[in-house]
Structures are given as structure tokens and as C-alpha cells.
Amino acid sequence: MPIASTISQAPPAIEVQDLTKSYGQVVALRGLSFCVPKGETFGLLGPNGAGKSTAIQIMTGLLRADSGRALVDRGQPHLSDIRRRIGVAPQALSLYDELTAAENLAFFGRLYGLSGSRLQTRVDWGLEFAGLQDRARHRAATYSGGMKRRLNIAIALIHEPQVLFLDEPTVGVDPQSRNHIFESIHRLQEAGLTILYTTHYMEEARRLCHRVAIMDKGQLLALDTVPNLIASHGGASKIIADVEFWPKELSAVGPPQEGQLLTTSAEPLAEVARWTNAGAKLNSLQISSPDLESVFLNLTGRSLRD
Amino acid sequence: MQILTLALKDLKLLLRDRTAAFFILAFPVLMGLFFGMMMGGSSGSSRGKMSIAIVDDDKSELSQAFVDALAKNSSIAVVPADFEAAKESVRKASRTGMLVIPQGFHKTAGILWEPQPELQLGVDPSRAAEAAMLEGFVMQAMSELIQHRFQNPEAFLPSIVQAREDFAANTAIDPLTRQLGSTMFAALEQFVGQAKLDAADDSPQAATEGATSAGIQLAQIRKLDVTTQTVPDSVSAQTAKLRSRWDISFPQAMLWGVLGCAAGFAISIARERSAGTLQRLLASPLGLQRILLGKALACFLASLFVISLLTLLGFALKMRPESFPKLAVAAVCTAACFVGIMMTVSVLGKTEQSVGGVGWAINLVMAMIGGCMIPVMFMPEFIQRVSILSPVRWSILAIEGAVWRQFSWLEMAWPCLILIGIGLAGFALGSFILRRSQLSSH
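If you read the protein sequences in the order shown, they are chains A and B.
Numbering-wise (numbering that gives the first Met the number 0), the first sequence opens with residue 0 and increments by one.
Numbering-wise (numbering that gives the first Met the number 0), the second sequence opens with residue 0 and increments by one.
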């Protein structure tokens, strides 16, 4: 998802400068800096332990940084006025199992000062957003993991925040609920909400985020749109071919080992065309374009899921 | 407003957690009823026998018959004693009263035409109602001596013969009356040995009223001044103030309920932390302090509710608090104290299980030495000294002060101030630890 020019010129919704945080001997953040303009969906991509959740906790005012600063809507996030503009859907399902979906939504709505018909309207909206109208009066304990995840996000939105922090919102959900969550996020994007989205799923980052920051061991390794990251750090495409005949002219590329050729190229289609023009006969061909996994591998020397 | 929202949410969660609701509501009621029934014989309207010290200076067969007649009464327990010991026991409230049977009792007791012996009756002045009852029972026992006389003709006949001869020899009486009297005594002399008196009515009032309405005096009773001089802290002095079997057990039950509240809400903070809802609450505009105040308010309201519920139940069972305003003050101080304890206990573990385990361990120790199981006054002296460390003791003392100990406001102040102090210290300590752990946690 390319970043729209209107977004890139918008004023910042989140500003993070030189954040550092340690837990004893463990360094969680090492000088993290980035800026998220209003209306952007910004992805924090990194393996478990990369420092994503710590960064979110600092940005939402739940944790103090050792140094550096984080601003949301140009204010410090521990201030209650700023907190009213922030919605947080923590990675852990943060809802009361013994309350119904409607009661959970109403409770958190009241904490943000909603009451009366306004509260009822927002509760109804939340139930519809989470797809739980039919289960509104059932206790959350009876919900599936996906339903709970959706409710978890709806609660974060009950007070109509301007900035939404989604911390691994699709962990442990079924494909149907994941799609529901993706569609919901698209709706929020269309409404102009600023979203900071952490995940270790590349597909989610590619599909949902205007820009992606790749983190590892508390550091920001790269930050750009997904195509730019791949172009910059993804490396060449992989070509795997089952070869029936391989001409001597192409000996610089080959020769194939036991009838199979494995090579890389920045322009794989042009390369394959050159082989066939030279007389090569291929039984099958597989081309793998670089992705965020490749980007991460190239940046860190290890896989995203290691 | 948000604090109230938080508190109401916690109360709703509490009511939906059946186990927690049982320990907070049903368990204390069961404990109160159980201990109340165990104490059934020791106090109040349901008291068993009145313990009466008997000083028998006559030491005759008839005085023994009188004592046996008294002992037959299911409302009286008779204990032989000498005069000083008997008086001391009444003074110290270990006996309800004392009765002195004078020398020569056997000569005239139960003989209607003779002057009756003078019995001395001393009763604890604070038990006036029982004194009147006891007087009636004495009359009843004396009336049985008349029957006893007729059932022992050999012993009774000489008295009749003597009376007939004295009557006949008395020249101050006119001849016609002497003739009639001699005839009557002769008939009586003949009757003795065969006559049977109907069984006396069992009620003491009937015995007294029946005798006096007929113009017959069954006994002369002289009141003995026994000013109670009990040691204020003695068990007997304390229990003397009890008016109902529930006076002790319901304050205990209230504390069980309050302990249940404290344990339940301590776990709820750990649960919020482990479930992640604490993070969400902290990310709201509330701030930690108001979140904790919400928890505290919920625990406070639940504790007051439990105390109120048990007060109502106790009232239905005839527990009559001396002072409702003082009971309200004691309840508020108790609830405040255990809110503070709840706050501290809630940060002593990281998981619900560890907080629950630590919470109930602390609760049980506080309950045991504080008098939730056995009243402190019945404990060995060294445990009574240790029990001052338990907030439960001060809570029970404050509640009992309002229910039956007849505390003045000044006497109420001491336990109440201790409770408030513990509550504030606990709240401050718990908040401080939670704030620190929250700021440094991952």
C-alpha cells in the first residue's frame, strides 16, 4: 500500500525521538526514532523481543523511557487530555470475561466520559464493528478467540480516538476473523485514523501499512514503504528451473546440477528470456520475488521467525 | 464518576463470580449461625441454667430436700458453697445468685401454721429479671416442703401433736375456739400418713401467687446485698453483658465476610494485571491513583454491604446492637482497614494464585489470633497479647463495642483509630508498590 502524498504532508500524529529503555541488563530500545503523519497506517515489523511492545507502551504513556521522548498529537501521552485521543488494543486480550460485549464496551466508554444516548450509540457501533450484535448479551468468556480479538479492537475505538495502537491484533485468530479485522482496519483507514500496527506477519504489514519500520533488538533497521524496502534491501529474485537442455553459451550461468538450475537475478523475466533465446529448454520454472522476509534476512542475517 | 464506574464494575464482577460471592456472603452467614448455635447455652434469652450458689447452714434432711427441689428445676443449676465463696462468685459474675438456708430451717419450713424460716437471696444486680424468676422458684421449692412434710408422717406427727397440745393449753383462747381447734388438729393428726397433695403447678409465678392469695407465706426471703465487683476485663464481666447467643458469633461472621471481600478484591487486582485489563485501564485518562480508588471503593462498599447484611440477619435472630450509630462507625472503620490490607496483599504476588494463597494465609492467621474462630477473651493470655497485632481483633472489638460491650464513644475511638491507621498505611504501601512495579514492568 503506497503512501498517499496527502498523508506524507500531514502533520505528525506520533513523534518518537531517540527512545531508549532497558530492563536491568536487557536493552529493549536503542535510540528508536520515527515520525507517523496523521492518517497513516504505520507498521512496526520485527520478531518477538524486538522492542515493539515496549515502544507502544512508551508511546501510550504506560512506561517511561530511560531517555528520548515520544509525543502523540504533539503532546506527552501520559497527560489525560492526550490519552483521550489514544486508543489501545493490547496484545493480550484486555477485556472482562464475566461481562458481555455490550457491558465491556459501555464500561470502557464511561471511563472516557461517554454517557447517555452518546454512549449507547457508541456501544451499538462497537458491536457492529466487532460483528457481535447477535452475541451482545453473552458473556465474553463464551466467545471464540477471534470474537474476543475483534471486541478488543472495538473497545479501543469506543471513544473515537485519533490515534490507534494495535499491538499484534491478529495473534491466534482464525482466517475468517483475520479477514474481518483487515476489513475493519481498512474502514478505519478510510475514516482517516492514524494507526500504529505492530506485527511479525509480513503479509499483514504489506497489506495494511503505508510504511513499515523494521525493528530488531531494539533498533530501527529500515523504514520506508514496502516496495521501497524490498527494492532497497530485498535483493535479487530467485530462479529455480528444471532443465532439459542447457547450451554451452550459457555455461557462465550454469551448469545445472542433476538437471536443476538455481540462480538469482534482479530482472528474472529478462534473464529467463535470454536463456531461451540461447536455446535452453526448460521443463519447469519457479521465480521467487524478494519480500519483507528477504528484507529482514538481508538486514539481520536471520529469518523473521527465528 | 469514573471511580464509581470502576467500583460498580468490580461489584458486578464479584456477583458473577459464584465462588467469591459464596465466600463473601454465604460463608460468613454459615459461620455466624454455626458459632452462634455453639454458644447457645452461654448467654442471653437462650441461656441455660441459672447457676445458684447454695449456702446450707441447716444441713438437715429437710434443707437437703429443699435443695433437691430447687435442683429439679430445669432452669437452675445448684452449686453448694460457703457464704464467702458464694458471695464472691456472685460479685465476680460467675454465678447468677446465692441462697442462704438458715440454721433451724428444718424446724418450721413447710409447716403452714409456723413462722417460716428467713432465706437470704443475693442476685447479680444486672440480672433483675432472673432475680424475680429465682424468687418464684424458691417459693415453688418451699411449697414442695409441705408435701414433703405430709409424706413423712413420723417426722411431721410430733409437730402436729405439739401444736394440738399447745392450742389446748392456751387459756387465752376462748373455750369454743379451743374445742374447734383441738378437733381440727385431731383430724389432721389422723389424716397425716394418708394424705396426698396434688402436684404443684410447675410455674414459679403460680406457686408464689397461689400461696400469697391464700394468705399463706411459704417463705420469708430477705434480699442480700451482693454488689458486683467484677474485674472489668474478666471473662465473666465481659460475658455478663451478652444478651444474645448471636452477640459474639455475628461480629465474627462480619469479619469473615470482610476478610472474604479483602481477599477477593486483592485477587481482582492481580487478575486485572494478568488479564491485561489493568494495562487498558492505565492507558485511559484515569491514572493509577483513581484506578486504585475505584478498587478501594468497591471493596469498601462490599465490606459495608456484608456487615449490613449480617446486622440485619442478626437482628432477625434477636441480636440487638446497643448503638446503631456506633455500629456504623465500627463498620466504616473496619471496611477502611481491610481496604488498606487488600491493597497491600494485592501486590504481594504477581499471579492470581499467588495473591490468593498469600491473601488467605494472612487472613487465616489474622482471623485465628484476632478472634474470628475463638473469641479473644477465651484464649490463653499470651495469645491474647499477640492478638493485638491482628486487625481482626480491633475490628471485632469495635463491632462488639457497638453491639454488646456498651462502649462509650471514647472507648470506641481507640480501636477505630487503630483500624483507620492500618487502612491508610496499607493503602499507601500497596499503592506505592503497585506504582513502582507498574512503572518498571515490561
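Hints were generated in silico from the structure; no laboratory data involved.
Owing to the predicted nature of the structure, the values given are computational and were not obtained by experimental measurement.
Note that the Cβ used here is the ideal one computed from N, Cα and C, for glycine as well.
Hints are not guaranteed to be accurate.
[Claimed, not checked] Using C-beta positions, here's what the derived DEER-type ranges look like: (1) A/R136 x B/I373: 43 to 49 Å; (2) B/A315 x A/G144: 45 to 51 Å; (3) A/D290 x B/F304: 56 to 62 Å; (4) B/L409 x A/T120: 46 to 52 Å.
[As the list claims (entries may be wrong)] Here are some of the chain A residues that sit facing chain B, going by a computed Cβ distance under 7 Å: (5) R29; (6) T59; (7) L61; (8) G74; (9) R83; (10) V87; (11) S93; (12) F106; (13) R109; (14) L113; (15) H232.
[As the list claims (entries may be wrong)] Covered stretches of chain B (chain A as the covering partner; in silico rule of three or more C-beta atoms under 8 Å from a C-beta of chain A): (16) 10-16; (17) 276-282.
Here is how each hint holds up against the structure:
1. A/R136 x B/I373: 43 to 49 Å: holds (48 Å)
2. B/A315 x A/G144: 45 to 51 Å: holds (49 Å)
3. A/D290 x B/F304: 56 to 62 Å: Since the Cβ atoms of A/D290 and B/F304 sit about 60 Å apart, the hinted range of 56 to 62 Å holds.
4. B/L409 x A/T120: 46 to 52 Å: The hint (46 to 52 Å, Cβ to Cβ) is violated, given that B/L409 and A/T120 are roughly 57 Å apart.
5. R29: violated (16 Å)
6. T59: holds (5 Å)
7. L61: It holds, given that the least Cβ distance between A/L61 and chain B is near 5 Å, below 7 Å.
8. G74: violated (12 Å)
9. R83: Check passed: Cβ of A/R83 comes within 5 Å of chain B, closer than 7 Å.
10. V87: Constraint on A/V87 satisfied, holds at 4 Å.
11. S93: holds (4 Å)
12. F106: holds (5 Å)
13. R109: With Cβ-Cβ at 4 Å, under 7 Å, it holds.
14. L113: violated (11 Å)
15. H232: Since the shortest Cβ distance to chain B is 29 Å, the answer is violated.
16. 10-16: holds (count 4)
17. 276-282: Three-residue rule met by the stretch 276-282 of chain B, so holds; n is 6.
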